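**Student:** Put the two chains together into one complex; each comes in its own frame, and the hints tell you how they fit.
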Amino acid sequence: MRIDQILAGFMPGDAISNYALELQKLFRSWGCGSDIFVEPSNVDDRSRHLCRPVSEHRECSSKGNILIYHFSIGSAVTGYFRTVPDTRVVIYHNVTPARYFAVILPGTAAFLREGREQLKELAGVTNLALGVSEYNRRELEEAGFSRTGVIPLINDWSTLSEKPSRSVLLKHRAGEGNLLFVGRIVPNKRFEDLLQVFFYYKNLLQPRARLFLVGFHKGSETYLRYLRSIIQELELKDVVFTGHVTNAELLAYFKLASVYLCLSEHEGFCMPLMEAMHFGIPVMAYAAAAVPDTLSGAGVLIRKKNYPEIAEMAALLCNDPAFRREIIEGQYRRLNEFKAISLEGRLREYLGPWLSGSSYR
Amino acid sequence: MLNQGLTPRHLEKIDMKNEVFEINTSGVDVETIMERVCERVEEKRRTGIYERYNLSGALALEMNNLRSDDAYLNYYLKTIWRAADVDLGDFEIYSKTFLIGRPAVWLKKVIWKLLKFYTFRLFSQQKDYNARMASIVQGLDAKYERRLAALEEKIGHLRQD
Chain Y
3 MRIDQILAGF
13 MPGDAISNYA
23 LELQKLFRSW
33 GCGSDIFVEP
43 SNVDDRSRHL
53 CRPVSEHREC
63 SSKGNILIYH
73 FSIGSAVTGY
83 FRTVPDTRVV
93 IYHNVTPARY
103 FAVILPGTAA
113 FLREGREQLK
123 ELAGVTNLAL
133 GVSEYNRREL
143 EEAGFSRTGV
153 IPLINDWSTL
163 SEKPSRSVLL
173 KHRAGEGNLL
183 FVGRIVPNKR
193 FEDLLQVFFY
203 YKNLLQPRAR
213 LFLVGFHKGS
223 ETYLRYLRSI
233 IQELELKDVV
243 FTGHVTNAEL
253 LAYFKLASVY
263 LCLSEHEGFC
273 MPLMEAMHFG
283 IPVMAYAAAA
293 VPDTLSGAGV
303 LIRKKNYPEI
313 AEMAALLCND
323 PAFRREIIEG
333 QYRRLNEFKA
343 ISLEGRLREY
353 LGPWLSGSSY
363 R
Chain C
100 MLNQGLTPRH
110 LEKIDMKNEV
120 FEINTSGVDV
130 ETIMERVCER
140 VEEKRRTGIY
150 ERYNLSGALA
160 LEMNNLRSDD
170 AYLNYYLKTI
180 WRAADVDLGD
190 FEIYSKTFLI
200 GRPAVWLKKV
210 IWKLLKFYTF
220 RLFSQQKDYN
230 ARMASIVQGL
240 DAKYERRLAA
250 LEEKIGHLRQ
260 D
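From first to last, the protein sequence lines stand for chains Y and C. Residue numbering for the first sequence follows the numbering used here, beginning at 3 and increasing consecutively. Residue numbering for the second sequence follows the numbering used here, beginning at 100 and increasing consecutively.
The following block holds chain C by itself, in its conformation from the complex (with noise of 0.2 Å):
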């Protein structure tokens, strides 16, 4: 996943013996524990793995940023291309059963060539009318903001003079 330039809450740096556990178990050392979880972290902060993987599309959604329906509206306008192109290419078949891994993988292929020659024609048409309509749906939406702000600038216009 790419870095998407974001430092997020769940990233900043913070004395964590003191926020982010709390541990009274008798018999745990806590310090050296909180001690291990930090270095850590820190570790991998220090080698840019957070920056590689992070949260920044999953932030995005945050629930407490949806708050009504029109948010709700944005986001489905915005993610509605990754709903709509369908993938139908091959992907990678395996199995994660040893002794039966061989012939399950042969059988799996076997299976997805089939599938593949009956229904190819019928998904590729599903996925064209996918297309089709997230580019009206999204097409629709961005005519009806431009009217409305023409309108709007108009009726702007109108209560100057």
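Isolated chain Y (complex conformation) (with noise of 0.2 Å):
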């Protein structure tokens, strides 16, 4: 029997690509045959060795496979999914409005609007569609999809544990009180309100604090240059855009870090609270799509943007032990419970009524 994944595009660092791979030798691990197929126009050459062309997934298709589609956004290759006689899943990351892009990446927002036309049409030729938190589960719920079920992200942790970058950690030695967000430059994540409360930190309350941008920025140079101008109209200092890291470098800003600060206001999951909770950093984050699922209670949940106040308990934050030392101990019991889950069970248990033949069993 064969386990396959199909995905729009594949690149290295990338959340769902990481998250493909994972699942692929999950199923190896169970006896199956798996392999990624991916429209070849959207595979970053360092990644070719890892995947194939989605034309080449015929061959291996029948009745008796299972077909599993990551979904984000919209692409040629939901087409194919529908014709194919495998049992079909979809995993759904969640596709982001395309409002955020529609003024400054307008080609992004026709394939994200075509992505939620798309999802609709998945509902009636799907056998099973997971969201990879509560809150997409009920999107495809409201999509149509009939039979649903949540599976978590997967991260591997081990790579968290490596030994951060000496030349990053020495050259932002000089900080206090940093703040920290990771994550692609995009106008869904509002840098524009991290700046804007880094504004009001960094002159009334931590003069020597820094804000730390992690992502890249590939294709958003309009959005960046959007970011540069507020700085230089807020005569902002020491704001660090890093572009893209090694995960040494990253280990380095999350070391830096004294507050994780998320103020965007499109999450799928989120998976940078969980490392920012690992780190034990404390979390303040704006209650916005999957947010309030992922940190489940933890840390501190933001439901207004208001600048001041955000600014003064990023504050407290950092300047109260004791208050700290509770948010953490919270946050290390999300952790917990996030990493009891398990992957493979839940999978287990929502392909089941598939797997009877296979060897797996």
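Calculated from the structure, these hints are not laboratory results. It should be emphasised that the depicted structure is a prediction, and the values quoted were computed from it without experimental measurement. Here a beta-carbon is modelled for each residue, glycine too, at the ideal position from N, C-alpha and C. Among the hints, erroneous ones may be present.
[Unchecked claim] Subject to a maximum C-alpha distance of 27 Å in a straight line, what follows is the list of computed DSSO-like cross-link-like pairs (lysine-lysine):
hint	chain 1	residue 1	chain 2	residue 2
1	Y	K173	C	K208
2	C	K143	Y	K239
3	C	K212	Y	K173
4	Y	K239	Y	K306
5	Y	K239	C	K177
6	Y	K173	C	K207
7	C	K143	Y	K307
8	C	K226	Y	K239
9	C	K143	Y	K306
10	Y	K239	C	K212
11	Y	K239	C	K208
12	C	K226	C	K207
13	C	K215	Y	K239
[To be verified] Over 10 Å on every C-beta distance to chain C, these chain Y residues come out as not near it, computed from the model:
hint	residue
14	M3
15	D47
16	V86
17	K165
18	E251
19	N338
20	K341
21	G354
**Tutor:** Below you can see the structure in the form of structure tokens.
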């Protein structure tokens, strides 16, 4: 038996690509054949050896197999997925609302709009649809999928115990009470809000603080220019756009951070929140999309974007050791709950009806 | 930063306990924490700090206001001078490192003086070019605005006739 996966694109370091690789390992450990098929034009050169063109899937497609589609954007592979005889499973990573991209990345906005349309079309032809958060599952239900469930995202926690980059640690050692956000430079992450909170935080509360914005900005140059114009307008100092970073550099930024601040307005899960918890950094996050489910009562949930109050709360988390300790302990409890959920167990439960004839049993 | 007379959404006085934050961690005295945050914000508001440090400039750039290519063009036209007017003057040179601070500052000052000596002519010419280009772009925009307004007026008159 085979359990294959298809994706609209594949990139090293991309959360969905990494997830597909982890699932592939799992399926192979079950004794199933498993490959990742991708639209060739959307594959990064460094990743070509990890996946195959979607056109090659026909050769291994059959009624007794399972095909999992990681869905997050409109793509030509949706049309192919609808026609295969395999058991069709969608793993839904959420589609960012197109309005965030309408002005600065109209091309991306068109694919996102198409994604929402395609999701509805998939509802009628999919045997099982799984969201990576309860929020995503609810969206699947709203889109018309009848059989839905939640499976956890998995993270390779061992990569977080590697050695942090010494040069990054040295470069920013003078910073105190630093704020951190990790994520691609795209409009739905609302970097402009982070800058405005940092304006109060730096000028009125923590003059030696730095704001680390860790994430690549390829394709978002217009948005980055816009953010830089805000920095210029506010005469803000010590805002660090890192661009793409290595794992060691990412770990160094986590080590340097005092508070993790997320003001994003659309997240399908937001794994960096869990990573911040892993490093014992208090998390403050805006209650949008899947974020309340991800935090699940831990950290500080922001209900309204009042910048001065958010800056004060961040400063309090830095300067009140007892408050900081309680929040961090609460976060560790949440993290342990999350780690205890077995992906394999959940998948076994959901895919069980179609796995009956396989050697997996 | 000068106060430009805005009292934007993010500075509205609101009931924080219910609206801004939610903390569900056991062991945290949520009420006291919220009160402390409220008090600190209120104190700053009373002393007028938020009026001195306000975000009116950034709010003028709110992404939500820039919904079309025209809006972007208008924004760039308004701000073109800030980008064109490059500051070539001296600036404070300092070091954050205590031990090698003084030699580092001395070295940086020497490098800056040399750089300035060799590049000032080039950069001032570039600055002059930037200024002319910014003036031309803004001038052309104003000229076509006027011509379009005149044409629209003329069309209006013709329609009335």
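**Student:** Against the structure shown, which of the earlier numbered hints fail to hold, in ascending order?
**Tutor:** Checked against the structure, no hint fails, so every one of them is satisfied.
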